[in-house]
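Quick note on the working numbering: the sequence shown kicks off at 1 and runs consecutively.
These aren't lab readings, by the way, just hints derived from the structure by calculation. Computed from a predicted model, the values in this text were never measured in an experiment. Among these hints, one or two may not hold up.
[What the hints assert, rightly or not] DSS-like cross-link-like pairs, simulated, lysine-lysine; straight-line CA separation at most 25 Å:
(1) Lys826 x Lys837
(2) Lys750 x Lys1165
(3) Lys750 x Lys799
(4) Lys1165 x Lys702
(5) Lys702 x Lys1008
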Amino acid sequence: MADMAWKEKRLLAVLLLLCFSFGFVVCQNQDLSVLLEVKKSFLEDPENVLRDWNESNPNFCKWRGVTCGLSSVDGSMRVLSLNLSDSSLSGSISPSLGRLQNLLHLDLSSNSLTGPIPTALSNLSSLESMLLFSNQLTGSIPTQLGSLTSLRVMRIGDNGLSGPIPASFRELANLVTLGLASCSLTGTIPPQLGQLTMLENLILQQNQLQGPIPAELGNCSSLTIFTAANNNLSGSIPVELGRLENLQILNLANNSISGQIPSQLGELSQLTYLNLLGNELEGPIPKSLTKLGNLQNLDLSMNKLTGGIPEEFGNMGQLVYLVLSNNNLSGVIPRSICSNATSLESLFLAEIQLSGPIPKELRQCQSLQQLDLSNNTLNGSIPIEIFDLAELNYLYLHNNSLEGSISPFIANLSNLQELALYHNNFQGNLPKEIGMLGNLQVLYLYDNQLSGEIPMEIGNCSSLQMVDFFGNHFSGEIPITLGRLKGLKLLHLRQNELVGEIPSSLGNCHQLKILDLADNHLSGGIAATFGFLQALEQLMLYNNSLEGNIPDSLTNLRNLTRINLSKNKLNGSIEPLCSSSSFLSFDVTGNEFDHEIPPQLGNSPSLERLRLGNNQFTGKIPWTLGKIRQLSLLDLSGNLLTGPIPVQLMLCNKLTHIDLNNNLLSGPIPLWLGRLTQLGELKLSSNQFTGSLPPELFNCSKLLVLSLDSNSLNGTLPVEIGRLESLDVLNLNNNQLSGPISRTLGRLSKLYELRLSHNSFSGEIPVELGQLKNLQSMMDLSYNNLSGEIPPSIGTLSKLESLDLSHNQLVGEIPPQVGQMSSLGKLNLSFNNLQGKLSKQFSHWPAEAFEGNLQLCGKPLNHCNGFDSGNQRSGLSESTVVIISAITTLAAIALLVFGLSLFFKQRRESFRRGSELTCNYSSTSSKAQHRPLFQKGIAKRDFRWEDIMEATSNLSDEFIIGSGGSGTIYKAELHTGETVAVKRILWKDDFLLNKSFMREVKTLGSIKHRHLVKLLGYCTNKGAGSNLLIYEYMENGSVWNWLHGLSPVNIKKKKSLDWEARLKIAVGLAEGVEYLHHDCVPKLIHRDIKSSNLLLDSNMEAHLGDFGLAKALVEDPGSSSEANCSWFAGSYGYIAPEYAYSFEVTEKSDVYSMGIVLMELVSGKMPTDALFGVDMDIVRWVEKHMEMQGSGREELLDPELKPLLPGEECAAYQVLEIALQCTKTNPQERPSSRHACDLLLHLFHNRMVDFAKVNVDAYA
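Using the sequences and the hints, build the whole thing.
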């Protein structure tokens, strides 16, 4: 019995063991099956990390990435950790992972997993760490994850996750690290996170989070790292963050946080890193921050902070990195900033309106490696003590007003890698000690006044990569030692005074990418060694005196993108230059190159500008140019090219400018030109084209300039010409065109210049020409067979400055409306069949304007003959005639006496009023006179009428260089060698009534400013019907000519304006207008500000001229009605809108016009550009595009400026912002000229240049 009982117990034990073993196996089999399902979710395993994950190997605890342990429940071996990080796996996360109920650690980070985070992971109740970062997971974060109460680490950032941060995370009471960075999370930071008292690391940066920073985060007492940078957070920084006594890192950079920096942040005693850059913080820098004794990194840059730099920063002994750049701070650099900052390595104080000198006490920062004081208004010289900072690697002092010389002690900075001193006023020589800087990589000294020779020792700077000395006064030869710089990538020496030959040793600089030696006085040839520069991308040698052939070795330069050799004396073939297939621009204009144009130029599909003008190229235009689909400008003018225009050019559908002037091209005008829909300029003048004008040509709706003069074209003027509604200039002179002038010309509402002379046009002048309200420069219909009367509508062209209808067969009287055209500076109606008596309005014109019309009489021609008194037509007796004659004579004498008394009374009044403007006028005379101009003798010069006439061949047309609102301007080279500009203003009936002349003399006589034209003197000659103003000659013409190129201009150095020049012009204009409005006595309104009145001297300094319309802000009560704006003021496109209904001008009208010029400078567009259409002007166009992003906004920038550096592009948009303020519809909303000037000056002094890019040639 006992034995039986023992057997039963044994059997029971066996059964229990079997049951336990069965459960153990079941549990193990469950984890095995889960892992096999997880493997199925991984679609790609390129590193074969799961090779042992299979059923034939059931011991999963030894599989790669799997860690097992005994279950606390049943003692079985269960999966506790799964780590497949950085395994290049793709696929998705299997929801089956949620069945690994004993899992403590899950790490699938740094793979290529996609899809959502499975909600089933919320079943892992024991999970302590979840690492899913650096994948491609999408979707929202499951709110169910808030149930993982054991979780200590959750890092799921660097994915494509979206949606909000779940508020359920408040339940993660044990959470230490929450990493959600680099996703696309939206919504606000949940205030509930403030309940996580164990949280140490909160990483939320690089998302799209919005709203304020919750004050509740101040309850996270364990927090050591909080970073929410690169979001869209707003509101202020909560003062509650000052309670986080364990916080070490606080990074809120690049948000939209506003308000002041809380002083409570100064209580974060453990803080080592504080970054608030790129927000909208205002107010002063709290001094409490200087008490953060452990702080090593402080970045407050790119905010709106004001006030000065706290001197207490000098007490922060642990501070390594201090960045305050790009704020609205002011004042000086504190002398004590380095008093105890023994650890400071980086000090960035750029663009914070600092003034005064650089303190010599900076030498106390002996650990300093980076010093950036750029883009301020610092003055004085560089303290010699700065050169004691032996650890300095980067020294940026550019864009200040520093002066003096560069000290030889610069040799002490032996660790220096980058030195930027550009845009200052440094003078003197570059010390030879510069050659001791063996670690120097970047040397930017451009836009200073450095002189002397470039030291030979520069060749010892063996690490140099970037050298930019542009815009100085360096002289002598280019050092041959530059050839030692094997790592040189940029050599920019443009606009200096260098002479001699280009050293052949530069061919040793095999890494050179940009070589710019333009605008110097270099001579000799291009060395054959340049063929070794196979990395070269840009070669700029224009405006020198180079000569000789292009070496054949240059065929090795296959990476060239931009080349400009214009304005030299080079000759031979350009074929060695044409090996590259990557050209963007190619310019060799103004040389002596010959041979045929190489067809290889067609191998650069991205070539945009091809300029070969003014050489001696022969042969035909290569058909291969038609392969250049990006070509926008083609200039082959001034050569000896023959044959027709190749039909393949029709494939270049991006062409905007074609200039083939002055060649020997022949054949008809191609029909396919009409397919070039982007064409803006077509110049085919002075060739041998024949045939008629094809109607298809007039499909080019964007055409602005059409010049076909001096050919052998025949036929009639097609009516289709009326389609060119954008046309500004039409020149068909010197052809064989016949038939009537098409009436459709009247539709060309934008036309600025019309030339149809020397043809065989017949019929009447179309009355529709009177609709050309923008016609300004010229209407020339001379030397044709036109008949009929002059249409009175011609007299309504209120802007027209030159009208020539001479040498036709016109009849009838001259319409009186023509005599009332106040804008006319030139009139020629000679050699027609006109008749009748000239009205009084024509008396001021020279007789030559009317000669050859035998039936015309009256002043300035011969007096009209009266009736013959001997034939007694009147029937009066002789005694009656005697009585009437006596009475008439007495009446005439009485009237003469009365008139003389009025004359002398008015003259005395005029003299009295004139003296108020410090001008002095003597009596008039029929003789040529030179009068003392100013009582104080400011500009008294001895000019004689005869000398001016001799210098200009009696004011011949060939000396005309422009025209203003009140007269024509001539260039006169006097026998003394002096060149002056002479403005001719036609004499009215009396000198004292010649208001335009009086106004300009008075105005210019009372002002003196470096940005206003300087009047040198004046002459008058009543007999010649002219007044002459003599003022300083502006060598570089007007801004209009530079921007729009509609008139020839004597340009010696450049073909267009770079951004630096345009910004300088904008500032000069603003300073001139500011002076007129605020500092001039009396204060003046200019009333005709436009780009054609903005003149440039030899240094490209802007001078505002043409004061023919100017008036005082406070007029003399006795002044005439004309002086109070009863006549038209301003030019179309520049006139403020209120003038249309008020006919009044104020200083705000000038500000509006100035804003238009600013828009012109940035966009390169004319105010009346056809691009704007009928319902839009330049202001609305700028407004519209400023609201755009990307390429739409980039349309605002003149293509001639591109490529712009990032800092320059930003500045260009800022100028447009200022321009929009100036052109507000409501005058009261516009800034004063002083405020606008201040804005532009601030921009000019604080412009930035990106070090990451080099100074790309703007004219290539």
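Status of each hint after checking the structure:
1. Distance restraint check for Lys826 and Lys837: the Cα-Cα separation of roughly 20 Å lies within the 25 Å cut-off, and the hinted pair is therefore satisfied.
2. Distance check on the hinted pair: Lys750 and Lys1165 sit about 14 Å apart at the alpha-carbon level, within 25 Å; holds.
3. Under the criterion of a C-alpha separation no larger than 25 Å, the hint pairing Lys750 with Lys799 is consistent with the structure, at around 12 Å.
4. Taking the CA atoms of Lys1165 and Lys702, the gap is about 13 Å. The hint holds against a cut of 25 Å.
5. For the proposed pair Lys702 and Lys1008, the alpha carbon gap of about 43 Å is over 25 Å, so the pair is violated.
Hint 5 alone, counting from the list given before, is not met by this structure.
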